[in-house]
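Need the complex rebuilt from these two chains, each delivered in its own frame; the hints are there to steer you.
One line per chain: the protein sequences are G and D, in this order. Each residue of the first sequence is one higher than the one before, counting from -12 in my numbering. Each residue of the second sequence is one higher than the one before, counting from 25 in my numbering.
These are calculated hints, taken from the structure and not from any lab test. Glycine included, C-beta positions come from ideal geometry on N, C-alpha and C. Don't take each hint at face value.
Cross-link-like lysine to any residue pairs, in silico, SDA-like; alpha carbons within 20 Å at most [as the list claims (entries may be wrong)]:
1. D:K173 / D:I184
2. D:K173 / G:R23
3. G:K83 / D:W260
4. G:K83 / D:L241
Some chain D residues close to chain G (C-beta under 7 Å, calculated; not the full set) [unchecked claim]:
5. G163
6. C194
7. T200
8. H230
9. H234
10. Y240
11. V313
Computed footprint of chain D on chain G; a stretch qualifies when at least three of its residues, placed anywhere within it, have a C-beta under 8 Å from a C-beta of chain D [to be verified]:
12. 21 to 31
13. 98 to 105
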Amino acid sequence: MKYTPPRPTDAELEILAVLWSIGPSTVRQVYDVISRRRIAQYSTILKFMQIMAEKGLVIRNQDQRAHVFAPAKPREWTQQQLAGHLLERAFSGSAKALLVGALSARRASKEELAAIQKLLDEYRKERR
Amino acid sequence: MKTLEMLIRNPAIAAVGWTLLHSLWEGAIVAAVLGAMLLILRTARTRYLTSCAALLALVVLFTFTLLKLAPESAQRFSVTSGIAPTWNIVAEDVTSGDWRPSLTAAAPWLALFWLAGVLLMFGRYSVSYMSVRRFRSRGVCSAPNAWQKEVEQLTTRLRISRPVRLLESCLAEAPTVIGHFRPLILMPIGMLAGLSPIQIESILLHELAHIRRQDYLVNTLQRCIESLLFYHPAMWWISAVIRTEREHCCDDLAVSISGDPHKYARALAALEQNRFSPAAVAATGGSLVKRIHRLLYPSTASASAPFVGVLILVLTAAGTVAAWPTKLSQSNTGAKQSETEPVLEPEYSKWLHEDVGYIIDQSERAAFLRLATNEERDKFIVQFWERRNPTPGAPNKFKEEHYRRFAYTNQHFASGVPGWQTDRGHIYILYGPPDELEAHPHAAVPNEVWLYHHVPGVGDNATITFVDSTGRGDYRLSPGAPFVQKSPGAGEKQP
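In isolation and in its complexed conformation, chain D is listed as follows (with noise of 0.2 Å):
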């Protein structure tokens, strides 16, 4: 559990989690000018190159959004509780309606659920490279000389370099290319005796195509971009787009070898006629129609494809409004203030903003603006202490260790600010010192852990960990919720 807590406090898990949330915006866009392009694209080789390097740009946007948020986040997230001088019982001022601090709570576990995906998604495709090495020699026969020879033939018509093995496999379903520096082609045994020798040699062709084009490393390296990106749509979309216009490229490849688009769409329809599957899943919306019409029909595109891209673009706005960056309600809130703000004398305005800024309350800081003497204005003040002041009449315990702390904020906290205006002053201004402290100056990143017993209006057991990111004594509040609350008491008013 407490590793738990670390992770979560910890700035890069936020920074992981941001770049998430962004990616997904970021990849609507590039799934949106993808859409437009093949709109315009032709030729399966653009489409398929244009498409390629649509998933090349989601990985290096997702990169590079992390290298810009991760020495950020620290400076991030206090930059966020300014927002909000209440943050500290940010739980119950939901009325606010400003969603940023509760994304801020959200970003650390979108990360840690994104870093479990990605270890499945990983474990997932280790097992498949495993079965692929089995795929290879199990219940695998060489298959005859005289197709073995074809093979060799066509493979310096196509001018590939590599020597390609020809085996039948009793475990293949279907033709299949295993393999990229030893490259490896399995047909389906009884397929070679079952076909004419015309359509093997265009299914050959289609083969050879791949291993010409480098497919079995492009999808190999594919798999990985997915797995990185699993929980991005857009990415699911470009993937599918990329895998179905190589097959595309083959056909034309294939086709223009063979120079009958008829012969070979035959050969296509004949094996998929031929194929053995175990458990015959009834489908719907096959992809070998619209191949075989293509290849008959090349000048009549489907244009399905950009509508998805719009739908994609639809699903993924959301993310992108979440994660649009907060400047603009920043600076609104700032606007407000001032204009509501009558001019005080400096002397007024330093005890409302310094040094009661943490402790006065909306009602009483907005009585104390309508004033309009100063004399009313002293009067306040005198009022305001003797409100907290726990033995009335006699001298103001509250006021006296109210300022005892500010003197201690400044005198220990102080790093290029103030010291009442770090996070550590406001919190002890606000709680006073912390009944248990765990400081680890010397460590990587390092932290204060401070706990208290008892925190009125937010519970028992209170943690608040402050961390210096960039090792100067500035010690942040480390991203997430600011308190971990054991106890059920927890969210009653302050009294």
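For reference, chain G alone in the conformation it holds in the complex (with noise of 0.2 Å):
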């Protein structure tokens, strides 16, 4: 099957976000997780997530009688997505000044890593 889903819109990518997390989920379970962080609806999270899988960015398993969703494509394809998108690269590129975090907003180069490997490997030698 060569369908590629749309962009998700802001809702769906939160629906969308929970099913990564958690794993393949009913309704029921996916409403649970987004009420956690803000006052949702049911009906309005079930009828988001039918037309998700109308428009192919959730599987839906009619095996059991609650319906189990499934993201439809994984979160890496869905990011690279979101990433190639010209207006969403500039505004997280943006707000990568404003952030601090553990890590510098420069990704490490695989030489780098290799180094960093070498440095924690010497370091348990010379302990033991």
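Below, the structure written as structure tokens:
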């Protein structure tokens, strides 16, 4: 199947995030997670997930009485899709200036990762 | 176009321009001091605080310089014009080697460039701010309860008073802290499941350390300073030092709670390996390698920072030389004059310096000073006027007009000093009454714009702006180039 789902909207992305986080779930389970963060309506989420199934963003498994929804594409794929979008890139790029976190905005190269691994290994050897 | 001219001639704008130039050498000194202190200071905390103080010092010095220059700038420029009596044809007089007038002309442009840059930078950070707001809610889902509980426990261990929320985000590339008043830790989705619990705890400790140290707020302020001093190499270096030391501080804090630097370093390495990045750009010279090295071998600190400081010192030395006050050169010219000038009787001295001070050319002045007797001098004066007589032999209209102008200036422009000595007097004596005059005596800064349709040796449609920044009728030539030249024939020697 060569079909590529459209770029998810904000509301759809929220639901996808839950499915990636906790795995394939029923609407009830998704609702439980979302309502921990904000006030949500079960019926709204049900409606959204039905639309997402039609769009091909999620896959509905109808084997059981309560339908189980799974993301149609892996997280990395969607992240790539979002990042490819110009507006998205501009936004996340400029946001970085104001964020603080454990890693720098720049990604480490393969050589650097190798150097880090070497450092860690050497350290462990010395201690033994 | 008119508004741009007005801006360029505004003394406040010129003051900003000079402040920018001065801030270069001020910053170089601050950076050099910081570089030296970093050689001595060893703990991340003191290094961080010192760099922050250095960055603040840049801003304080900038403000201080601006305040000091702002009210003075009008006088400053008249002093500058006083250095070279022939400033009105300064464009031709490049042989003198005096770089000051060209800097004077450049300063307002620097200021405009700076203002545009600041606007751009602030625009950029406003977009960042909106993006961050989006980040808080877009593509996030609350983390599993177990982890939220863990965060609460660690929060109390670190004695953080604000509640901290932990969310998973499918947009975050790496663990991130957002917000100062309602802090939020964003974990990339999949990271909580992909790392070992001990590693996640290490990462959480690092992020919580950021929250406890109020780094989000400090970073935002730091970005504001960066927008203000964006042109300043020393600022960028200091800012980079702060950023590095900030991470070191958090690493230290996290290790002091978890107790095992090796495990913590492994967690950082695992985090970097698991990192999702849409556009993997190959890069060299990583900071994470250094950080991990520092965690494992705390005694050996890198000494590269001071060298960068020295480099910046050299780079900004040019700015130092350029912006250094010209008191020296002023006193030099003064000394030279008194040296070469023989003692003249007051009558002749007055004639040379007052009566014809503005119109006598350099060679005539030199010739007059070489004369030995008063007889010769009297003869010289007669010849001087006759050379300028449009109708040789007949009554000298030129001389008549000159003394009329002289009297006029003393009647109309005197303010503290005789009228002929004022800037308006100077121009009036040289070029006569303006063809058009626009006076704004009741403006916020009273000013007059004089327009000459043609000025020999300068060009057509020359406008001259005088500004009375004191409000006491003391109109000064506004800074910047004295003329706006609109005709291509400008710059030929005065006949």
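20 Å limit on alpha-carbon distance, applied to hinted pair D:K173 and G:R23:
holds (14 Å)
Within the region 98 to 105 of chain G, is the number of residues with a Cβ closer than 8 Å to a Cβ of chain D three or more?
holds (count 6)
With a Cβ-Cβ cutoff of 8 Å, does the region 21 to 31 of chain G contain at least three residues near chain D?
holds (count 3)
For a C-alpha distance cap of 20 Å, please report whether G:K83 and D:L241 respect it.
Roughly 14 Å between the alpha carbons, so the hint for G:K83 and D:L241 holds.
Does the nearest C-beta of chain G fall within a distance shorter than 7 Å of the C-beta of D:V313?
Cβ of D:V313 sits 5 Å from chain G, so the hint holds.
Holds or violated: D:H230 as interface residue toward chain G, Cβ cutoff 7 Å?
holds (5 Å)
Quickly compare the C-alpha distance for G:K83 and D:W260 to 20 Å and report which way the hint goes.
holds (17 Å)
For the restraint on D:G163, tell me whether the closest CB of chain G is nearer than 7 Å.
The hint holds - D:G163 has a Cβ within 7 Å of chain G, the shortest such distance being about 4 Å.
Should the interface hint for D:H234 be scored as holding, given a Cβ-Cβ cut-off of 7 Å against chain G?
holds (5 Å)
Once the shortest beta carbon distance from D:C194 to chain G is found, is it less than 7 Å?
With Cβ-Cβ at 5 Å, under 7 Å, it holds.
Is D:K173 within 20 Å of D:I184, Cα to Cα?
Holds, because 15 Å separates the two Cα atoms, which is no more than 20 Å.
Holds or violated: is there a CB of chain G closer than 7 Å to the CB of D:Y240?
The hint holds - D:Y240 has a Cβ within 7 Å of chain G, the shortest such distance being about 6 Å.
When each numbered hint is compared with the structure, no violation occurs for any of them.
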